[in-house]
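Produce the complete structure using the sequences and hints provided.
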Amino acid sequence: MNNGTVNKKRLVIRLVLLALLVALGFLLYYYGKEHEVLLDNKTVNIGGQTYEAAEFVRITVNGDTDKQIELYAKERDMVKVTGPRHTIKVEIVDEDSDEVLRTEERVLDLGKASSVMISVPAVAEKAPDVYLPLPGTMTQAPEPETSTEAATEEIPEAGMEEPPISE
Amino acid sequence: MADRNKGSMNLKNILANNAVPIIFIGLSAIAIPISGFSGTYLIQEMLTRLARNSFLVLSLLIPILAGMGLNFGMVLGAMAGQIGLIFVTDWAVSGVSGMALAALIGTPIAVVLGYICGAVLNKAKGREMVTSYILGFFVNGVYQLIVLYTMGKLIPISNPQLVLSRGYGIRNAINLTGVRHALDNLIPFRISGIDVPLATFIFIGMFCLFIVWFRKTKIGQDMRALGQDMKVAEEAGIPVERTRIIAILISTILACYGQIIFLQNIGTMNTYNSHEQAGMFAIAAILIGGASVSRATITNVFVGVILFHLMFVVSPMAGKELIGQAQLGEYFRVFVSYGIIALALVLHAWRRMRAKAEARRSLRGEE
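Top line first, the protein sequences correspond to chains G and R. According to this note's numbering, the residues represented by the first sequence are 859 to 1025, in order. According to this note's numbering, the residues represented by the second sequence are 686 to 1052, in order.
A few chain G residues that face chain R, going by a derived Cβ cut-off under 10 Å, partial list only:
#, residue
1, Leu879
2, Gly883
3, Leu886
4, Tyr888
5, Glu894
6, Gly941
7, Ser972
Just so you know, the hints here were simulated from the structure itself, not pulled from any lab data. Every residue gets a Cβ at the ideal spot worked out from N, C-alpha and C, and that includes glycine.
Spelled out as structure tokens, the structure:
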């Protein structure tokens, strides 16, 4: 009787330990997963709204200034990050004077996704949705109706360059 | 006169017991100046290799304590660790989390393989080393079958960089970029231009403390008793077979972790060969450190790793300087690895014969 209780107790302890190990495995996977973040600086249309590509932009991921990414219009770069949540800081910069014209920060929740593509102009414009379809599944943005001058006039301080994007 | 005789006998015993490390210290003393390597370079290399290999070599201590000789079956644990690393690379889990997850995946595989190994070795008492060596070949075949034919087919592998171009099976070499130097660089520490993998050394130090503690526990004492005399231990009520299985189980699990630490330092995994080298080099290192088939200490591990790898580093360059061919050094180190194991086995057999002869003389009442 007593022996049976001990065995039962031991079995319960073992099962709890096993469950804890499985949970630890999931946590390690979730917090250790590496994500590929494609940073796309092209004019895009997300949800009917067109976001113009920035002429020159400086991107800092998780405050790591040593690994800043600089993108010109129509450029794309990739950064690898580990873990589910990251901060991306987008600085629209005047290339000639190196003056920061505008800064926007955003927290990205990447979850379990292996790769995501983010529109840098959308982040800069505080768009509600900044995620783009990955290359290969991407559709082309429609031709904008406005002219180059008109686009520049709309957001002059951002130093936006002319549309459209081509993918 | 008697004191002088006693002194010379002691010196003779010390020389006989430490013949291998003394030979290697002598060889290193000759090879280091010929190689022309600087002291800083050699210290950096030794620290890196000490961090890389020590854990694997330490995993051999517990079976020796239990009188099971050199655990050639540690390659089973190494294979378990590699399976963990394949999955972690496929799931793109990086850093220390990746290493820990690889260890977590490898542990149950190592437990199963260790249990099988222990059970088989219980059927082959007295011939553990050759049995575990052959068992390593057998499990290597099973490992290759799983990795080459089921991964990517029955076992889903999504990363195309891991899978062979035919669509299933794992590639011969895997780039472990995610976990490369994850533990080594966890605590950056640099002294006089030398990078010290501090976190790895802390981990190894903790493991050494575990071994010291383990030897004092009930099961550690049981293993020591088994190592001295199995029959006496059995008659004293020690569960011999269970204790032996536990010894091999612990060694296999630790070899799994050791292989993960080894490969995170190397940064590349040779899917079908890495584990084969692990066992042979770890055993050669511990023997060079002065261990025998029946006795090994933590000191033997560190001395062995340093001496063995010192020869690894300096011998190709010394060979090149001497006869203009670095390949001589390569031959030399392979010759050393296998030769030292053969020498240790011969010495072990000779010592056993000598002990038996002495026991017979003592029974006859001879001096």
